[in-house]
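First to last, the protein sequences are chains H and Z.
Here the first sequence stands for residues 1 to 329, where the numbers follow the numbering used here.
Here the second sequence stands for residues 1 to 329, where the numbers follow the numbering used here.
One thing to keep in mind: the hints can contain errors.
Stated by the list, open to error - Taking lysine-lysine and the DSBU-like style, the derived pairs with C-alpha atoms no more than 30 angstroms apart in a straight line are: (1) H/81 <-> H/232; (2) Z/81 <-> H/319; (3) H/81 <-> H/168; (4) H/168 <-> H/232; (5) H/81 <-> Z/319; (6) Z/319 <-> Z/232.
To be verified - Here are the in silico distance ranges between beta carbons for each label pair: (7) H/36 <-> Z/191: 44 to 52 angstroms; (8) Z/14 <-> H/269: 41 to 49 angstroms; (9) Z/130 <-> H/36: 57 to 65 angstroms; (10) H/269 <-> Z/272: 32 to 40 angstroms; (11) H/188 <-> Z/322: 50 to 58 angstroms.
Source of the hints: derived by calculation from the structure; they are not laboratory data.
Yeah, the Cβ is synthetic: ideal placement off N, Cα and C, and Gly gets one too.
There are 2 protein chains.
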Amino acid sequence: MHDISILTEADLRELVPLDAAAVDVVERAFTALAGEGVVMPPILSMELPVANAEVDVKTAYLPGFDGFAIKVSPGFFDNPKIGLPSLNGLMVLFSARTGLVEALLLDNGYLTDVRTAAAGAVAARHLAPEVRTAGVLGTGVQARLQIEAARLVRPFERVLVWGRDPVKAEICAYDLAERLGIEVVVEADPARVVGESQLVVTTTPARDPVLRAEWLHPGLHITAMGSDQPGKNEIDPAVFDRLSVYVPDRESQCRTQGELRSALAAGAVPEERTYAELGMVVSEPALGRKSLDDITLVDLTGTGAQDTAIASFAMTRAKDRAAGTVIRA
Amino acid sequence: MHDISILTEADLRELVPLDAAAVDVVERAFTALAGEGVVMPPILSMELPVANAEVDVKTAYLPGFDGFAIKVSPGFFDNPKIGLPSLNGLMVLFSARTGLVEALLLDNGYLTDVRTAAAGAVAARHLAPEVRTAGVLGTGVQARLQIEAARLVRPFERVLVWGRDPVKAEICAYDLAERLGIEVVVEADPARVVGESQLVVTTTPARDPVLRAEWLHPGLHITAMGSDQPGKNEIDPAVFDRLSVYVPDRESQCRTQGELRSALAAGAVPEERTYAELGMVVSEPALGRKSLDDITLVDLTGTGAQDTAIASFAMTRAKDRAAGTVIRA
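So that you can see chain H by itself, here it is in the shape it has in the complex (with noise of 0.2 angstroms):
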């Protein structure tokens, strides 16, 4: 018999806003990612057909870290038909120790938005040094959590939406406008978006390219967060060309998941090159970008160390305030 803590989506919204602290220990994930005696098994998958799902378990055990978190997260994409959300899912935070159950994080996938969020805050305080203008290709829940994240470290006045629906893209852009105080503009061609921004953060679900080589400018920065499954793909692949660094979040998942799968795909990147990290990048800078007019691409496939850490900083701040319930199991 030992004691479990239960934490709800509302706990967890309270506990864990996206802030500077949310940040730093995502950053701290990347850098125990990049070093020794992490463990980070392939995601296990199950895709269901049948009801138009997959469900997919991520986990990852990373030294300094106390406990590690177990993520499920199904996708259910006919839910919105009967008015319930196509995300859900929970994270189980698990002793590094013993292995016994610390907690139950039944945050319906908040905790993965703010982790995905605060990757993109770390890629761009390490990656896009002056940002006056950010721009983002994308309307979800991620487009305005990015700008949110990136807004945390990098002090822009202005922002640039562009989305497939024009509707979405107003609503979006008054969400955001709302929410950080400054000007934010939906701008229907995203060449303008990608010319005129030195940071583009792609949001999308997109199976094809939304953003293109020949929009390229000298000091952008990209991050590209949409693509987590084989099939997706929001870079053309001819931008690898054009790029000074290519900086995967974990490289052998972006080879089967993230934007390096389709360049490689396409053939316009060498089989054989390797990158280094977003982890090595922030440990040490030199790797990253080298000069005011490098052009860099971060992606994004989202790891299970940011869910460690996401939900071992949770419980810390619950433990903290005494949140949540507690059952003796």
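Since chain H is already given, all that's left is putting chain Z on it; use the hints.
Leaving out everything else, chain Z in the frame of chain H:
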């Protein structure tokens, strides 16, 4: 927001005893597993050498079941040094229609014990036609539960127990006699256990065979449940040469984790041979034992299908009896 049921080990021990109903639901899991529309991804396995630990995640979607379980089984093998059990874990039951979390089954491995023993009973029911004496190699929790489960389907009056540690064998025999009210005898020679039994269950973590080919005799049925990882091996590969029928719980898993793995490695069976799985034998008895003199072996590596079945069963019983705690999340 929706309701989630939380059931502790104590709740689950009361709701899901090892009984005929548990055997039946696990049998249904095997027939579903042998049918169309099943999705059972490979096990996600994370080794943590730094903690002398391993964490496994299993899942399966089975047509005919309203939910699917994701089971996390941490094994932390230094835990006994600090007075904790090595094996722990929980199951999470999701709706197969919406992906929403329906129940958290904080069973510390109890449901795994039940569904593993129940699989042994399914094997005995379909492949061990006449059992006067049952033998067990091994003296742990499964040694007890496998014999208890087998007795639900075959009313034998005598049990022989062998274990490497004679004291543990005595305690196991005592417990079994107490529980079943029949004669249970410790036998120092495993050859005699096998020679005098019509059903033998092997329940050890052996890495070298504990059951030798020269001990086989007509009519014998063996259920081997100890090997669930590459490296484990209870059954002498030469046994395969003398078998009338070999039945894996899941062929793909047995090839990498079961007794079949060792037999293949030893060259005892041809690589290209395929086998009828347990669920196929249940549905079509002609695929199993053909005469009372046949020698048969069922290889149990443990399947996510059993987890989904037992978790669904636990949830149904919990609803019927309004057991557990409900949380809105």
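For each hint, the structure was consulted:
The straight-line distance between the Cα atoms of residue 81 of chain H and residue 232 of chain H is roughly 23 angstroms, inside the 30 angstroms bound, and the hint therefore holds. With a C-alpha separation of about 27 angstroms, the suggested pair residue 81 of chain Z and residue 319 of chain H falls inside the 30 angstroms cut-off, and the hint holds. Distance check on the hinted pair: residue 81 of chain H and residue 168 of chain H sit about 18 angstroms apart at the alpha-carbon level, within 30 angstroms; holds. For a cut-off of 30 angstroms, the pair hint linking residue 168 of chain H to residue 232 of chain H stands: about 21 angstroms separates their Cα positions.
For the suggested pair residue 81 of chain H and residue 319 of chain Z, the alpha carbons sit about 27 angstroms apart, so the restraint of at most 30 angstroms is met. Taken as a hint, the residue 319 of chain Z and residue 232 of chain Z pair is broken in the structure, with Cα atoms around 39 angstroms apart against an allowance of 30 angstroms. Distance hint for residue 36 of chain H and residue 191 of chain Z: a CB-CB separation of about 49 angstroms, consistent with the stated range 44 to 52 angstroms. Checked against the given bound of 41 to 49 angstroms, the beta carbons of residue 14 of chain Z and residue 269 of chain H, roughly 59 angstroms apart, lie outside it.
Between residue 130 of chain Z and residue 36 of chain H the Cβ separation comes to about 58 angstroms, which falls inside the hinted range of 57 to 65 angstroms. Against the hinted window of 32 to 40 angstroms, the Cβ-Cβ separation of residue 269 of chain H and residue 272 of chain Z comes to about 39 angstroms, which satisfies the hint. Under the hint 50 to 58 angstroms, the C-beta atoms of residue 188 of chain H and residue 322 of chain Z, about 57 angstroms apart, fit the expected range.
Of the numbered hints given earlier, the model fails hints 6, 8; all others are met.
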